[in-house]
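Dock chain B against the given chain A, drawing on the hints supplied.
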Amino acid sequence: DGGITQSPKYLFRKEGQNVTLSCEQNLNHDAMYWYRQDPGQGLRLIYYSQIVNDFQKGDIAEGYSVSREKKESFPLTVTSAQKNPTAFYLCASRDRTSGNTIYFGEGSWLTVV
Amino acid sequence: AQSVTQPDIHITVSEGASLELRCNYSYGATPYLFWYVQSPGQGLQLLLKYFSGDTLVQGIKGFEAEFKRSQSSFNLRKPSVHWSDAAEYFCAAATGGGNKLTFGTGTQLKVEL
Chain A
5 DGGITQSPKY LFRKEGQNVT LSCEQNLNHD AMYWYRQDPG QGLRLIYYSQ IVNDFQKGDI
65 AEGYSVSREK KESFPLTVTS AQKNPTAFYL CASRDRTSGN TIYFGEGSWL TVV
Chain B
56 AQSVTQPDIH ITVSEGASLE LRCNYSYGAT PYLFWYVQSP GQGLQLLLKY FSGDTLVQGI
116 KGFEAEFKRS QSSFNLRKPS VHWSDAAEYF CAAATGGGNK LTFGTGTQLK VEL
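One line per chain: the protein sequences are A and B, in this order.
With the working numbering applied, the first sequence closes on residue 117, and no number is skipped along the way.
With the working numbering applied, the second sequence closes on residue 168, and no number is skipped along the way.
Calculated from the structure, these hints are not laboratory results.
Glycine included, each C-beta is placed from N, C-alpha and C at the ideal position.
Some hints here could point you the wrong way.
[To be verified] Here are some chain A residues the structure puts well away from chain B; computed CB gaps all over 10 Å:
1. Gln10
2. Lys18
3. Gly20
4. Gln21
5. Ser69
6. Glu73
7. Lys74
8. Pro79
9. Ser84
[What the hints assert, rightly or not] Taking CB as the label site, the calculated pair distances span:
10. Thr24(A) with Gly108(B): 39 to 45 Å
11. Gln113(B) with Thr101(A): 16 to 22 Å
12. Leu15(A) with Ser58(B): 27 to 33 Å
13. Gln126(B) with Asp63(A): 24 to 30 Å
14. Pro134(B) with Glu19(A): 46 to 52 Å
15. Arg48(A) with Ser127(B): 20 to 26 Å
16. Glu19(A) with Ala56(B): 32 to 38 Å
17. Gln54(A) with Glu167(B): 27 to 33 Å
18. Lys116(B) with Lys61(A): 33 to 39 Å
19. Glu75(B) with Val56(A): 39 to 45 Å
[To be verified] Chain A stretches covered by chain B per the calculated footprint, using a threshold of three residues with CB under 8 Å from any CB of chain B:
20. 22-36
21. 101-111
Just chain A, with the same shape it has in the complex:
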């Protein structure tokens, strides 16, 4: 089936550790995105990539890093510099053929203790 796969679904890490969230899509979409969701704040854009080997900071990029070595993959690293990393993280990709509609994965819960 075509779609966006995020892993792991749940992740627990100790404070000070870096953690990488995986996002893979087989939709042949060029653009991919990472959003963070906190209760009552909607979704906020962390990073986005419009093409392989290129990415831009979103509204809350501090403490995060990404790479885009393959069209299908857009992993997000939550570094120890991120002051409040516990959140729900959503990966998305954009379909230019349907008017730039953005589709989402199922999300990853990160809890830092």
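Below, chain B alone, put in the same frame as chain A:
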């Protein structure tokens, strides 16, 4: 600054009653407009979208939305709510390039049986 506002944080309706969720946007030009639904702990599912043309847009699950340029609004409606519609609903907007999607803070819908 570009923004999307959902004035209602929580809404409770009785099953079978009609529903309207409000969304206002603030953009220099008419953006692409979307409504997404999110069940607890899940990703976002696209309900419907508006790019241009007919201002009344039909979506999945019996939802529709009406674009009103004069009011900068894109309200979501459903004639008869089902208990399974209980979820969080997000309005979102993107500029013509569609590179970045800006979300409202969401409206939590509760359905009373």
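Verification of the supplied hints:
1. Gln10: For Gln10(A), whose nearest Cβ neighbour in chain B is about 8 Å away, the distance does not exceed 10 Å, so it is violated.
2. Lys18: 23 Å, holds
3. Gly20: With a cut-off of 10 Å, Gly20(A) remains clear of chain B, as the shortest Cβ separation is near 27 Å.
4. Gln21: At roughly 23 Å from the nearest Cβ of chain B, Gln21(A) sits farther out than 10 Å, so the non-interface label holds.
5. Ser69: The claim stands: Ser69(A) keeps its Cβ more than 10 Å from every Cβ of chain B (closest is about 19 Å).
6. Glu73: 21 Å, holds
7. Lys74: Nearest chain B Cβ is 20 Å from Lys74(A), so the label holds.
8. Pro79: Given a closest Cβ separation of 17 Å, the condition holds.
9. Ser84: 26 Å, holds
10. Thr24(A) with Gly108(B): 39 to 45 Å: 42 Å, holds
11. Gln113(B) with Thr101(A): 16 to 22 Å: The hinted range 16 to 22 Å holds for Gln113(B) and Thr101(A), with Cβ atoms some 20 Å apart.
12. Leu15(A) with Ser58(B): 27 to 33 Å: Hint holds: Cβ distance 31 Å, inside 27 to 33 Å.
13. Gln126(B) with Asp63(A): 24 to 30 Å: 26 Å, holds
14. Pro134(B) with Glu19(A): 46 to 52 Å: Given range 46 to 52 Å: holds, Cβ gap about 49 Å.
15. Arg48(A) with Ser127(B): 20 to 26 Å: 22 Å, holds
16. Glu19(A) with Ala56(B): 32 to 38 Å: 33 Å, holds
17. Gln54(A) with Glu167(B): 27 to 33 Å: Violated, since Gln54(A) and Glu167(B) (Cβ atoms, about 44 Å apart) do not stay within the stated range.
18. Lys116(B) with Lys61(A): 33 to 39 Å: 35 Å, holds
19. Glu75(B) with Val56(A): 39 to 45 Å: 43 Å, holds
20. 22-36: It is violated: at least three residues are needed, and the segment 22-36 of chain A offers just 1 whose Cβ sits closer than 8 Å to chain B.
21. 101-111: holds (count 9)
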